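Engineer: Residue numbers (our numbering), protein chains in the order written: chain W, 1 to 337; chain D, 1 to 365; chain F, 1 to 70.
Among these hints, one or two may not hold up.
To be verified - Simulated DEER-style distance windows between Cβ atoms:
#1 263(D) to 34(F): 16 to 26 Å
#2 311(D) to 66(F): 43 to 53 Å
#3 31(W) to 269(D): 58 to 68 Å
Think of the hints as simulated: they come from the structure by calculation, not from any bench.
Just so we're clear, the structure is a prediction, and the values are computed from it rather than from any experiment.
Heads up, the beta-carbon is just placed ideally off N, CA and C, and yes, glycines get one too.
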Amino acid sequence: MEDVITLEHGSGGRLMRELLENVILPSYKLNKVPGGLGLPEMDDGALIPLGDYKLVLTTDAYTVKPIFFPGGDIGRLAACGTINDLAVMGARPIALATSLVVEEGFSIGDLRRIISSINDVCVEVGVPLVAGDTKVMEKGEVDELVIGASGLGLAERVITDAGLRPGDKLIITGTIGDHHIALLSVREGLSFDVPIKSDVAPLWETVEAALKLGGISAMKDPTRGGVAGALNEMARKSGVDIWLREGELPIRDEVRSASEMLGLDPLELTNEGIAIIGVRPDVAEETLEAIRATRYGREAAIVGEVREGHGRVVLETLVGGKRLVREPIGTPMPRIC
Amino acid sequence: MEVSARFRDQRLAERLAKKIRALEPREPVRICHVCGTHEWTISHYGIRSLLPDSVEVVAGPGCPVCITPASLIDAAVELALSGVVVATYGDMFRAPGARAPSLYQARAEGADVRVVYSITDAVKMAREEKDREFVFFAIGFETTAPLTAVEVLRRPPDNLSFLVAHRLIPPAMEALANMEDLAIGGFIAPGHVSTIIGAEPYAIFPERYNMPVVIAGFEPLDVLMAIYMLLKQIKDGVAKLENEYTRAVRWRGNERAKEFMRKAFDIADGAWRGLGVIPSSALELKEGLRKHDAIERYGLNVSLDGQGDIPPGCRCHEIMVGRAYPTDCPLFLRACRPNRPIGPCMVSVEGTCRIWALEGGWFKG
Amino acid sequence: MCLAIPARVLEVRGHRAKVDFGGAVREVDVTLVDARPGQYVLVHAGFAIQVLDKREAEEMLRAWEEVLGA
């Protein structure tokens with residue numbers, strides 16, 4: 001059977017990483033601007049140095065089902081996802097661009113609602129949407145709507161996801177798993193009602209507050225692949241071990257109970273409005289306070305610390321045991337066993 | 001339920017772990033459980049890192065991904081590729097067949113495979129899409145079988161049939177108890193199977209095999225307490241059936257659920273992947289309900305001789321009963337890896353091989 | 001092999017019941033049990049398979065706390 005793309009290749013887990021490493025990355029001979037960061041680093045954005053300006057570029061495509069979900073829609077998701085990728089590189093967003101691929105027969109009223117969601121986020125953060133494109137495909141050729149979004153940012157000091165050092169503390173800026181559970185609760189076949197809204201939100205204000213204290217060593221936004229995927233990547237790239245305390249993880253009771261009901265691990269669930277921030281121990285508490293003072297950082301918590309090691313993520317469980325947090329293989333599935 | 005939060009109390013767990021260490025047996029003791037969810041609790045809460053080195057907890061054949069015969073998975077994939085909608089629990093989505101790679105791979109090639117949370121969702125889908133043929137992959141043990149029985153006896157729509165792969169736990173435990181070389185010191189019996197069948201069926205183990213058995217729940221304290229109770233029995237040189245999960249398990253279980261199973265199924269000899277045929281260990285739809293049996297409806301030839309259950313070189317069937325460790329397997333971390341699994345124990349989310357591949361053995365921290 | 005989670009029964013209508021998993025509310029099938037609102041049931045794959053004996057749970061915890069000198 002010839003190797004084919006499967007759903008799991010897009011899930012943010014190990015299979016996606018291997019597709020990138022084995023198929024996509026090796027195909028580009030020119031993969032970064034001299035002196036900058038590019039494909040090889042596989043970070044949330046690329047660095048383009050221009051004189052003493054540090055430009056950061058990111059691009060992503062957004063598909064979500066359903067398109068309108070508790071707490072947001074595909075438009076808000078695209079704008080926030082792009083802004084957050086820039087923010088966790090330490091870059092202030094300065095311009096966004098979007099391209100829409102719309103299915104024939106898609107309601108213009110819905111399109112208007114989605115575009116105004118993008119606008120609301122841009123106005124909230126103060127970043128203009130400067131370019132765009134719209135394509136229409138025949139009915140059935142694309143599933144309702146796909147949004148491609150790119151963003152440019154300006155960084156004073158670029159933060160990568162590979163800068164963790166032993167002794168650093170780890171902050172998570174909000175509750176884990178909200179987006180994924182909010183979507184599952186309205187997805188056909190799994191219907192359960194839970195007062196959980198997606199956490200989709202622009203994080204620039206929160207990250208900017210943390211950057212001001214100057215102690216940040218690394219950052220990442222744990223979207224697909226969840227906190228488990230992001231932490232494993234940070235630990236591997238930084239060449240350290242990360243130790244978490246399960247009791248400190250900010251997880252809403254409803255998300256915990258919905259995850260248990262479906263046999264899912266909250267650490268593997270998709271998030272769209274939280275960041276993981278590594279910070280020097282001497283400014284960790286102040287950084288946490290600064291984050292908690294921002295609109296989307298109120299539930300932030302210090303969840304663990306970095307130790308000497310080689311890319312492992314260890315969890316100290318509620319009962320004092322220890323286990324490794326594993327990089328998810330593919331999309332978490334409801335299971336009975 | 002706030003009570004379940006108290007079954008995760010760190011203070012109690014630490015004291016219990018200390019008491020367990022105080023019972024540290026001089027001779028190594030192997031405790032066997034037969035439940036994927038017990039393995040989940042043990043791994044998720046890092047319970048092995050709390051135990052003395054001389055106490056080993058082994059995962060027996062208690063997870064549908066590991067024990068469902070490959071020929072049934074091939075049948076499900078064949079149906080899916082032929083245009084039938086196959087509904088399945090998430091567990092079987094990546095389980096490897098003998099000829100066919102998996103339902104997950106079938107979906108990648110356009111087959112309509114749907115993961116459902118409940119069998120009721122599958123029945124609802126079949127009712128709503130009258131023009132499509134549906135097959136529900138009915139896996140699982142005595143906890144899940146009554147659910148299939150309820151839906152089959154409720155006269156499901158004609159376009160829905162069931163690929164029945166239910167297995168029974170006590171016969172499998174008895175098969176293990178008869179393998180002297182396994183030297184099992186005691187069983188942790190699966191709590192949720194026991195809510196259905198009760199404690200009574202396990203009485204044969206202390207009586208006939210002089211084997212201690214403790215029925216355990218699924219909070220970390222439940223499992224730690226069950227390990228403590230087993231070690232105490234072993235230290236005192238006794239073999240008893242004890243029930244730690246009193247809040248959910250009664251001596252005779254759930255009579256109504258057992259009645260539904262009796263009405264819907266006959267008991268037959270069953271093939272277990274890697275273990276061969278175990279007498280009286282499988283459920284088959286009764287004569288009058290055979291029109292809902294997918295194997296008969298589609299004339300599938302499902303040989304249950306275990307052909308292709310265990311790929312050449314793979315030792316999952318020995319690892320599954322603790323007779324070998326993943327590191328003893330020639331394929332382990334070479335041809336057989338978490339994202340390119342060959343053996344069932346590398347596929348299963350809580351399979352022993354996957355845990356060892358990702359954590360390099362039982363992680364002690 | 002069987003993930004089953006406690007949930008509190010909110011209301012019962014025939015063989016269906018609304019239950020609360022501690023924040024997540026869902027409708028489940030209660031054909032296999034006799035459950036009344038306020039009771040806790042164990043839910044597996046959308047079916048209640050047993051009514052939990054809360055008194056038993058409390059007694060068990062008290063016994064442990066004594067044994068473990070909590």
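Engineer: Confirm or reject each hint.
Structural biologist: Hints, verified against the model:
no.	hint	verdict
1	263(D) to 34(F): 16 to 26 Å	18 Å, holds
2	311(D) to 66(F): 43 to 53 Å	52 Å, holds
3	31(W) to 269(D): 58 to 68 Å	59 Å, holds
Of the numbered hints listed earlier, not one is contradicted by the structure.
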